[in-house]
Every structure is written in C-alpha cells, then in structure tokens.
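Student: Sequence:
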Amino acid sequence: MLGRRGLIPHMLQTVLLLSSMTITQVSSFVHLGNSLVLPPSPSNIDSNIHAVLRQKSIRACSGRHRNQVQMHVDPSVLSSLDGSAFHLASTLSADSAARYFVAGGICCSISHGWTVPIDVVKTRIQTDAPLKGLSPVEAAKKIIEKDGPGGLFLGFGTTLVGYTTAGSLKYGLYEVFKPITFDAVHGQKLLSFLLAGCAAEIIASAVLLPLEATRIRLVTDPSFANEVFDAVPKLIREKGLNKLYSGLPTMYTKMLPGTMAQLASYEIFAMQAYQLCNAYGVQTDSTSRFVISTACALLASVVSTLCSHPGDCLLSEMNKADAKDSTALEVLQGMGVAELTAGLGTRLLHVVALVTTQLVFYDYAKVLVGLSFTGS
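Position 54, counted from 1, in the sequence shown is what the numbering used here calls 54; the numbers after and before it change by one each time, with no gaps.
Keep in mind that the hints are not guaranteed to be accurate.
Now the in silico label distances, taken between C-beta atoms and shown as ranges [claimed, not checked]:
| hint | residue 1 | residue 2 | range |
| --- | --- | --- | --- |
| 1 | K234 | N278 | 49 to 57 Å |
| 2 | L348 | P249 | 19 to 27 Å |
| 3 | I144 | K243 | 30 to 38 Å |
Heads up, simulated DSS-like pairs for lysine-lysine below, C-alpha to C-alpha not over 27 Å straight-line [said to hold, decoys possible]:
| hint | residue 1 | residue 2 |
| --- | --- | --- |
| 4 | K142 | K132 |
| 5 | K132 | K146 |
| 6 | K234 | K146 |
Hints listed in this document are in silico derivations from the structure and should not be mistaken for laboratory results. Note that the coordinates shown come from a computational prediction; the quantities given were computed from them, not determined experimentally. We treat Cβ as the ideally placed atom computed from N, Cα and C, and that holds for glycine.
Using the sequences plus the hints, can you model the full thing?
Tutor: Quick look at the structure:
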C-alpha cells in the first residue's frame with residue numbers, strides 16, 4: 001500500500017503515462033517495446049497490469065505505433081479475466097478519450113431531451129403545493145390546464161445545453177479516471193468505479209450547477225425568462241455567482257450518489273452478465289448485447305434513483321421561486337421524511353426512463369465512435 005506522501009506522485013506519474021499508452025495486441029507475453037516485463041499467468045495478471053502502468057520510460061516504436069505500449073497476453077489467461085478487468089489494464093490515448101466524451105454528450109442529449117416533460121411534472125410535484133400528492137398523470141393534466149401543453153417543456157433548452165455538456169464530462173472523465181483509480185486501489189474494481197464516478201461528477205456538477213438551477217427556476221416560475229441564454233445571465237445577476245455556487249454542496253448530495261451508483265452498478269451488472277454468457281456458452285450477438293445493456297441499465301437506474309432522491313428533493317426546495325435565502329442545512333432541518341421522499345414515484349419513472357435510455361444509448365454511441373460495449 002502506498003503512503004499518503006507517495007500516492008500523489010505515483011498518481012501523477014500514472015497520469016503522464018496514460019497519455020501515451022494503449023493496448024494494441026493480445027498474444028503470448030507481456031513486453032514493453034522489445035523488453036520482456038513479466039510472463040503472464042492467471043495468478044499474476046494484476047502484477048502484469050501494475051508492472052506496465054508503473055514503467056518509468058516508454059520505448060518509442062517506429063511508424064504509426066510510435067509511443068504506444070504493446071501488451072501481449074497468453075490467450076489461456078483471458079479465460080480468467082472479464083472484459084472490463086482487461087479494459088482497465090489499458091490506458092486511454094487522447095483519441096480514445098475524446099470518443100468517450102463524444103459518446104457521453106450524445107447519450108445525455110437524447111436521454112435528457114425526451115424526458116423533459118416527466119422531469120417538469122416531477123419538479124412541480126416537489127415544489128408546487130397544489131400538485132403535491134397528485135399522481136404524475138393528474139399533475140400533468142393540471143399543468144396543461146394552467147400553462148398549456150408548452151408547460152410540460154419548460155426549461156427544455158436549458159436542460160439540453162446543461163446535460164449535454166455535463167454528460168460529456170461525466171462519461172468522458174469517468175473513463176479517463178478509471179485506469180488511474182484502478183491502479184491506485186490495487187485492482188479493487190467496485191471501489192475504483194465508485195471513485196472514478198465521484199471524481200468525474202465533481203467536475204461535471206460544477207459545470208452543470210448554474211444550468212440546473214436555471215432549469216428549476218424556469219419550471220417553477222415560467223415568467224422568469226426566455227430559456228437558457230436569457231435565463232442564465234438573469235439568474236446570475238439576481239443571485240450572484242457566490243450565492244449560486246453556495247448550492248454546489250447541495251447539488252452534490254443529489255449528483256454524487258446518483259452518478260456513483262449509476263456508473264458503478266451498471267459496469268458491475270454488465271460484467272457479471274457477460275461472464276454468465278461466457279460460462280453458459282451464450283453467443284453475445286447484437287440481440288444479446290441489446291438485452292444485456294437494457295436489463296443492466298434498468299437495474300442501475302433503480303439503484304441510482306434511490307441513492308439520489310433525498311438530494312434531489314433538497315435541491316428542488318432550495319431553488320424554487322419562493323425559496324428563502326437559507327443554507328442547505330437549514331432547509332434540510334425543515335424537511336421531514338414526507339418532503340425527502342416527495343415525488344419518488346414520478347422520479348422513479350423519470351430516472352428509470354432517463355438512465356436506462358442513457359446507458360443503452362451510451363453503449364451504442366460508443367460503438368458508433370469505434371469503442372466497445374460496457375462489460376464486453
């Protein structure tokens with residue numbers, strides 16, 4: 001185990017190495033350039049991973065494979081590995097990292113865009129007293145009666161801009177951080193997924209915060225402004241950046257548990273599903289991949305919703321139109337169990353629809369840009 005003083009330099013060294021390493025071939029031995037590093041076996045594969053990650057120099061190769069590290073593994077070893085574990089042994093080139101950012105932006109723009117009406121109903125149930133206690137269908141009818149059909153699409157532009165940007169950062173940084181956290185915790189997969197998701201969401205949420213606060217304000221007060229480019233500057237002028245970002249810890253209570261649970265559980269579920277397929281000799285064709293992605297995404301969405309819902313209620317309460325200038329702790333103290341679980345049924349519908357489609361679209365977006373399915 002690394003001490004506290006040794007961990008940061010080690011991670012910095014790993015980050016520098018990540019920028020120039022890729023796995024290029026699977027064969028019989030692990031070597032760096034032409035130098036043998038370590039003969040593989042099922043019992044020492046983690047040592048192989050760490051040996052490659054911790055090399056202090058990279059032998060430059062000629063031609064288009066210049067500055068790439070080649071990892072060759074005996075095929076007999078692969079039967080002891082699942083796809084994601086082997087993927088974690090690799091590191092991302094700038095090109096691969098960029099593809100993850102693009103895939104994340106694509107899936108989040110689609111998933112958050114088409115679920116805006118559900119999100120509007122959920123937010124109004126949480127913040128509008130006459131709607132509290134109503135079913136999603138009843139609340140939607142009330143909104144349409146008062147604001148017309150357009151009332152279900154309030155904040156659409158802000159949602160699209162905010163979550164496309166944040167989604168790109170969330171998924172892209174998650175994939176970039178995974179090899180780093182995997183090495184830092186010495187191959188403990190679940191912990192490495194949780195840490196990578198946490199680090200990625202810390203950055204993504206900081207970018208998303210003004211846009212999410214604007215979305216909630218537009219939903220609870222439709223007369224506030226005309227969508228994203230008018231509403232964001234107006235909200236910043238009204239509250240000020242310091243006041244606006246004072247809500248960042250509150251946003252983290254929603255986003256960090258949700259993202260960590262979503263990404264880690266989906267990865268674990270997918271890995272286990274593909275392992276079962278391999279164990280029972282099930283062919284993983286396009287149909288089975290779709291079934292695996294959908295089923296695992298559905299399970300991950302439920303886990304994510306339950307972990308993040310109290311934070312979502314707190315965030316909505318703090319950002320509604322008539323909210324007082326109170327701290328998150330003061331608002332939380334005034335909320336009981338009923339307030340912290342308000343709209344859970346609607347949000348389950350919203351998040352299950354959103355996260356399931358998001359993760360499935362993420363897998364297909366990855367394939368579109370030349371990457372592989374999660375867990376495969």
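Student: Decide, hint by hint, whether the structure agrees.
Tutor: Quick rundown of the hints versus the structure:
A hinted range of 49 to 57 Å holds for the C-beta pair K234 and N278, which are about 55 Å apart. A hinted range of 19 to 27 Å holds for the C-beta pair L348 and P249, which are about 25 Å apart. Checked against the hint of 30 to 38 Å, the pair I144 and K243 passes, with Cβ atoms roughly 33 Å apart. Pair hint K142 plus K132 holds up; C-alpha atoms about 11 Å apart against a cutoff of 27 Å.
The suggested pairing of K132 with K146 holds, with an alpha-carbon distance near 16 Å, which does not exceed 27 Å. Restraint check for K234 and K146: satisfied, since their Cα atoms lie roughly 25 Å apart, inside the 27 Å limit.
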